[in-house]
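Protein chains: 2
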Amino acid sequence: MDRITIIGLGLIGGSLGMALKAAKLKNVEIVGVDNSWDTVNAAKRRGAVDIVERDIGKAVRDAQMVVVATPILAFRQVFEAISPYLTEGAVVTDVGSTKSQVMQWAQELLPAGTNFVGGHPMAGKETAGIESAAATLFQGTTYCVLPSATATKSAVELVSGLATTVGAEPYFIDIEEHDMLVGGISHLPLVLAAALVSATSASPSWDEMAKLASSGFRDTSRLASSDFELVKGISSTNQAGLVHWIDAYLTVLLDFKKALVEDPERFLVSVEKAREARDRWLSGAYKRLGPQTEIPTAGEQMAELFMGSRLANAMKDQGERLKELEKGPRKEG
Amino acid sequence: MDRITIIGLGLIGGSLGMALKAAKLKNVEIVGVDNSWDTVNAAKRRGAVDIVERDIGKAVRDAQMVVVATPILAFRQVFEAISPYLTEGAVVTDVGSTKSQVMQWAQELLPAGTNFVGGHPMAGKETAGIESAAATLFQGTTYCVLPSATATKSAVELVSGLATTVGAEPYFIDIEEHDMLVGGISHLPLVLAAALVSATSASPSWDEMAKLASSGFRDTSRLASSDFELVKGISSTNQAGLVHWIDAYLTVLLDFKKALVEDPERFLVSVEKAREARDRWLSGAYKRLGPQTEIPTAGEQMAELFMGSRLANAMKDQGERLKELEKGPRKEG
Chain G
4 MDRITIIGLG
14 LIGGSLGMAL
24 KAAKLKNVEI
34 VGVDNSWDTV
44 NAAKRRGAVD
54 IVERDIGKAV
64 RDAQMVVVAT
74 PILAFRQVFE
84 AISPYLTEGA
94 VVTDVGSTKS
104 QVMQWAQELL
114 PAGTNFVGGH
124 PMAGKETAGI
134 ESAAATLFQG
144 TTYCVLPSAT
154 ATKSAVELVS
164 GLATTVGAEP
174 YFIDIEEHDM
184 LVGGISHLPL
194 VLAAALVSAT
204 SASPSWDEMA
214 KLASSGFRDT
224 SRLASSDFEL
234 VKGISSTNQA
244 GLVHWIDAYL
254 TVLLDFKKAL
264 VEDPERFLVS
274 VEKAREARDR
284 WLSGAYKRLG
294 PQTEIPTAGE
304 QMAELFMGSR
314 LANAMKDQGE
324 RLKELEKGPR
334 KEG
Chain S
4 MDRITIIGLG
14 LIGGSLGMAL
24 KAAKLKNVEI
34 VGVDNSWDTV
44 NAAKRRGAVD
54 IVERDIGKAV
64 RDAQMVVVAT
74 PILAFRQVFE
84 AISPYLTEGA
94 VVTDVGSTKS
104 QVMQWAQELL
114 PAGTNFVGGH
124 PMAGKETAGI
134 ESAAATLFQG
144 TTYCVLPSAT
154 ATKSAVELVS
164 GLATTVGAEP
174 YFIDIEEHDM
184 LVGGISHLPL
194 VLAAALVSAT
204 SASPSWDEMA
214 KLASSGFRDT
224 SRLASSDFEL
234 VKGISSTNQA
244 GLVHWIDAYL
254 TVLLDFKKAL
264 VEDPERFLVS
274 VEKAREARDR
284 WLSGAYKRLG
294 PQTEIPTAGE
304 QMAELFMGSR
314 LANAMKDQGE
324 RLKELEKGPR
334 KEG
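Read top to bottom, the protein sequences are chains G and S. Last residue of the first sequence: number 336 in this note's numbering, and the count goes up by one each step with no gaps. Last residue of the second sequence: number 336 in this note's numbering, and the count goes up by one each step with no gaps.
What the hints contain is simulated information worked out from the structure, not anything from laboratory work. Hints are not guaranteed to be accurate.
Remember, identical chains collapse to one label, so a pair may be satisfied in a single copy or spanning two.
[As the list claims (entries may be wrong)] Heads up, simulated PhoX-like pairs for lysine-lysine below, C-alpha to C-alpha not over 20 Å straight-line:
no.: 1; residue 1: LYS235; residue 2: LYS260
no.: 2; residue 1: LYS261; residue 2: LYS276
no.: 3; residue 1: LYS128; residue 2: LYS235
no.: 4; residue 1: LYS235; residue 2: LYS276
no.: 5; residue 1: LYS261; residue 2: LYS235
Full structure from sequences and hints, please.
The following block contains the structure:
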């Protein structure tokens with residue numbers, strides 16, 4: 004029996020467990036650990052794990068793969084706690100929203116020879132916690148895979164296999180590039196949403212405005228309800244990326260305002276261009292650009308060499324089932 | 004048989020027709036007119052109207068209530084076209100997103116004695132057109148009612164009754180105040196969404212970013228896909244309101260950036276405050292502030308005096324059905 008241990012059973016950790024369980028991997032058991040017993044019990048009840056552990060050392064001792072899914076600011080502590088117990092050759096991955104800082108912590112704190120491969124599933128909800136978790140959370144989404152300098156090719160393939168198994172498309176990307184790009188499409192929207200609520204709710208007329216606010220306000224401001232730990236993690240580990248994008252945004256918004264006042268026709272052209280760009284994005288045009296070819300994703304033979312692994316085989320067996328799942332209904336976007 | 008004529012059978016006009024038909028008003032027929040035959044046919048097929056008319060004069064000639072639901076920039080032309088044909092005492096209302104300009108046009112162009120009462124249902128979708136229309140679009144939403152200086156009390160109550168009949172809560176509000184408030188919770192979000200898409204899609208890395216963008220980006224940018232006519236109407240009839248709110252927003256965003264760089268703790272406090280404000284809004288706390296009392300909404304006797312009206316009775320009969328409908332499932336927020 005092989006073991007995948009998930010540390011932190013919130014929205015992402017819980018959903019990964021549920022998706023892995025739904026994949027019915029052969030001879031693989033999912034071990035879950037969390038510092039809240041309420042969460043652990045809920046994870047068990049929701050079928051996100053096979054076994055729960057209170058002791059983090061016990062939880063990782065026999066694991067071939069360890070997924071760190073706590074808030075990012077707890078990673079340092081988790082890496083320190085698991086280091087003495089990791090099996091030789093074990094693959095460690097994470098689901099954090101930023102990567103430069105995480106890679107540094109992994110290099111500093113995990114034992115030499117640990118196969119660390121960063122991961123970032125591009126999926127989420129503004130409601131945190133195991134109760135919001137869902138096996139389908141990753142269906143049709145992009146899953147960033149960021150190997151450390153010392154990770155073996157088979158370790159990379161195992162994390163890539165994890166992404167595929169939960170219904171996502173693995174996407175290999177440079178660490179610095181990752182943080183800059185997610186700064187624009189994930190962290191900037193969060194700050195914009197919070198600023199929208201801040202600007203409107205500070206108005207003396209907010210009580211009346213709140214009565215009028217409808218679905219447009221609700222969706223544009225949705226990310227303002229994001230989990231506090233997530234916001235804290237992002238703002239302290241991707242400050243530079245965030246500032247870069249706030250600056251880019253300020254430039255655009257100032258220009259929109261200038262156009263609105265001085266040349267309304269130009270304002271309308273800008274808005275129309277944005278509409279076209281979003282519609283093209285919504286159409287899935289960019290997803291259809293096809294999988295990357297520079298990093299092979301199908302070298303199961305390598306995964307087999309690595310830890311003689313039944314886990315690799317289980318992931319491979321899962322391929323057909325996944326294709327069926329992927330034909331199923333997908334969420335918009 | 005009384006007549007309610009809807010001019011313009013797009014998302015809002017079509018949904019109003021469907022909601023009125025769902026209310027099964029006694030002895031009331033819904034007449035629809037639109038300058039596109041495709042739209043007219045679709046409205047008929049979708050059950051949004053009883054009778055379709057190509058000729059706008061014929062359509063309004065025997066109507067007790069006329070609802071103008073074309074793009075706002077066509078209002079001037081519509082008011083001119085219907086003026087010679089309006090029945091004396093007919094109530095004219097609209098569904099435009101801004102009101103100062105509309106009230107001026109109504110005063111200039113509609114015959115003296117016309118009961119103009121502005122309306123603005125706070126409901127919508129980013130997808131325009133009759134195909135997106137739904138009888139439930141207005142359920143649980145706020146419907147702004149803005150009487151002109153010359154509208155009779157019974158005319159105000161009839162438009163208020165229209166709002167109630169389609170499942171919304173009528174809300175009386177000053178014209179200038181309306182335009183300023185919707186500038187913040189409706190028009191500003193639209194501009195912010197367009198600016199987000201503009202800022203990100205202008206990046207040389209957009210092709211990669213688009214692959215990573217997920218539900219957070221989708222929702223924050225949703226309003227960037229708004230109907231072009233809507234954007235055009237808003238930006239040309241509420242420029243001052245929009246500029247005011249863009250300025251307020253720029254101030255907040257600049258402050259967020261400053262805090263992020265100089266005092267991250269303060270940044271987090273601001274974001275947390277925004278989350279609390281949004282959660283309070285989502286909880287429905289502001290809707291529960293209760294109905295306004297300064298303008299009576301239950302004076303059916305007045306509506307009856309006005310045009311001896313079966314239409315008023317039909318609206319009144321509808322009260323019980325509505326209460327049942329309102330107990331049904333509501334959309335979030």
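Status of the hints after comparison with the structure:
1. When the C-alpha separation of LYS235 and LYS260 is checked against a cutoff of 20 Å, the pair qualifies only between copies, where the shortest distance is 14 Å, while the shortest distance within a copy is 31 Å.
2. Taking the shortest Cα distances, LYS261 and LYS276 sit within 20 Å of each other inside one copy (17 Å), while across copies they are farther apart (30 Å).
3. In the homo-oligomer, the alpha carbons of LYS128 and LYS235 lie at most 20 Å apart inside one protomer (16 Å), although the nearest pairing across protomers, at 32 Å, exceeds that limit.
4. When the C-alpha separation of LYS235 and LYS276 is checked against a cutoff of 20 Å, the pair qualifies only between copies, where the shortest distance is 14 Å, while the shortest distance within a copy is 33 Å.
5. In this assembly of identical chains, the alpha carbons of LYS261 and LYS235 lie at most 20 Å apart only when taken from different copies (16 Å versus 34 Å within one copy).
Consistency note: the structure conflicts with none of the earlier hints.
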